[in-house]
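Chain by chain, the residues run as shown.
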Amino acid sequence: MLLTTIHLAVADNGDEGLVLLPDLSELVMGLVAFLLLIAIMFKFVFPKLNETLAERGTQIQGKMEEADAKLAEAEAAKREYEASLDDARGEATQIIDEAKATAESLRADILAKAETEAAQIIERAQGEVATERQRVVQELRAQVGTMSVELASRIVERELDAATHEGLVDEYIQRLSNQN
Amino acid sequence: MTQTLTLAAAEWGGEFDGVLDDINALFDFPYLFSFEMFGEEWGINRTILIAWLMTLIVGVIFVMGTRNMQVVPGKFQSAIEMVVEFNRQIAMEIIGPKGLKFVPMLTTFFVAIFALNLAKITPFLMLPPTGRSAWPLFFAGIAWLIYVGVGIKEQGFIGYFKGVAFPSGVPWPLYIILTPIEIVSTLILRPFTLAVRLFANMAAGHILVVITLVTAWIFLPSALGWPIGVFAVVAGPLVFGFELFIIALQAYIFTMLTAVYIDSSMEAH
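Chains P and C, in that order, are what the protein sequence lines are. Mapping of the first sequence onto this note's numbering: position 21 corresponds to residue 21, and the numbering continues sequentially without gaps. Mapping of the second sequence onto this note's numbering: position 47 corresponds to residue 47, and the numbering continues sequentially without gaps.
I should point out that these hints are in silico values taken from the structure, not numbers from a laboratory. Glycine included, every Cβ here is placed at the ideal spot set by N, Cα and C. Incorrect hints may appear among the rest.
Claimed, not checked - In silico contact screen, one side only, chain P against chain C (beta carbon under 10 Å); selected entries:
| hint | residue |
| --- | --- |
| 1 | 33 |
| 2 | 48 |
| 3 | 49 |
| 4 | 155 |
| 5 | 156 |
| 6 | 172 |
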């Protein structure tokens, strides 16, 4: 051994104690292995690792920018749609209002017309009824006159015979009832 | 302690012939083969083979995991990225955006120390190379080189050492006390504590694991002492879980403190 070994004193027994100074072979061989590991890590592992991480970073950055752009686009589209939707809504309200107004005026027109017509019909009917009544009255008057004359002449024809008179009246009544 | 255990085993009828008499037997393994060079005896032992194996596994995992990198990662790649991201957060939180260039170094420290620590509870290995002083010492040495190097690069040679020796915002008479303390603390104690913290935790953990397993091994067959063996068997999983926690914690602490030291070198205090 190159280095003198020193010992951890373990007071109460005869042990030699743990050797604290390094074994030269272990020091050199271990160091060589570690330096090789460093070389491998720096030459093969981390360049690839960092490259991939950088690429991933770039991609994520790109994706995020893309997403931002798309979001802005979508928001613009949304605003547009909302505006057109508002327009359409206003238009619809307007159309409905117009339709309502039209319907209302139509209703009023029809009602007025119907009322006028009804009034006319009633008026005409009343006129007709009056005319008819007058005609019937006149007709009746004429008939009553004729019948009175006829009756009077018959009465005169058979004045003397009371029985004939009675029979005449009966006959007349008979005739009337037959006529009806 | 080892003798007490041996004694207890003997008294209670266990078969145990002094494996724990020398604590170094748990750590210092003989060379499997050796050769002479520069007037020294060099060799490869079990600890070195374990260190190489764990380092190789880490290297293979990371190379395989990043061989076919995808922007949308698979499970394996995600796991690798998670480890790197963990170290990235350490760098970001402690050093800030300027610390991102140290992420590869911090990650290498973290995974290498974690893997070497993990050998402590890896079946058939059961020996953490970081429980030998060699590994923590060169890890701390490299950390020292990095943070001193960063200090010189960021503040200039004179600026850095002046900043270390004469912290600003202190009345000049205090420098009589402060300057030696600061120099020793920054340039000597920092790497020393880094190394000792890792080494001592791993050595103690290794001893704990060995004692738990050896206790079960010795006492379970003994006529009277078997309940102690049962206790050791029950304690085993708890000890392993605790050690796994320590393994991860020490790897994290080493990495984090290295980041803290780098940060302190970035600008004068």
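Hint by hint, here is what the structure shows:
| no. | hint | result |
| --- | --- | --- |
| 1 | 33 | holds (4 Å) |
| 2 | 48 | holds (5 Å) |
| 3 | 49 | holds (5 Å) |
| 4 | 155 | violated (136 Å) |
| 5 | 156 | violated (139 Å) |
| 6 | 172 | violated (128 Å) |
Hint compliance for this structure: hints 4, 5 and 6 are not met, and every other hint is.
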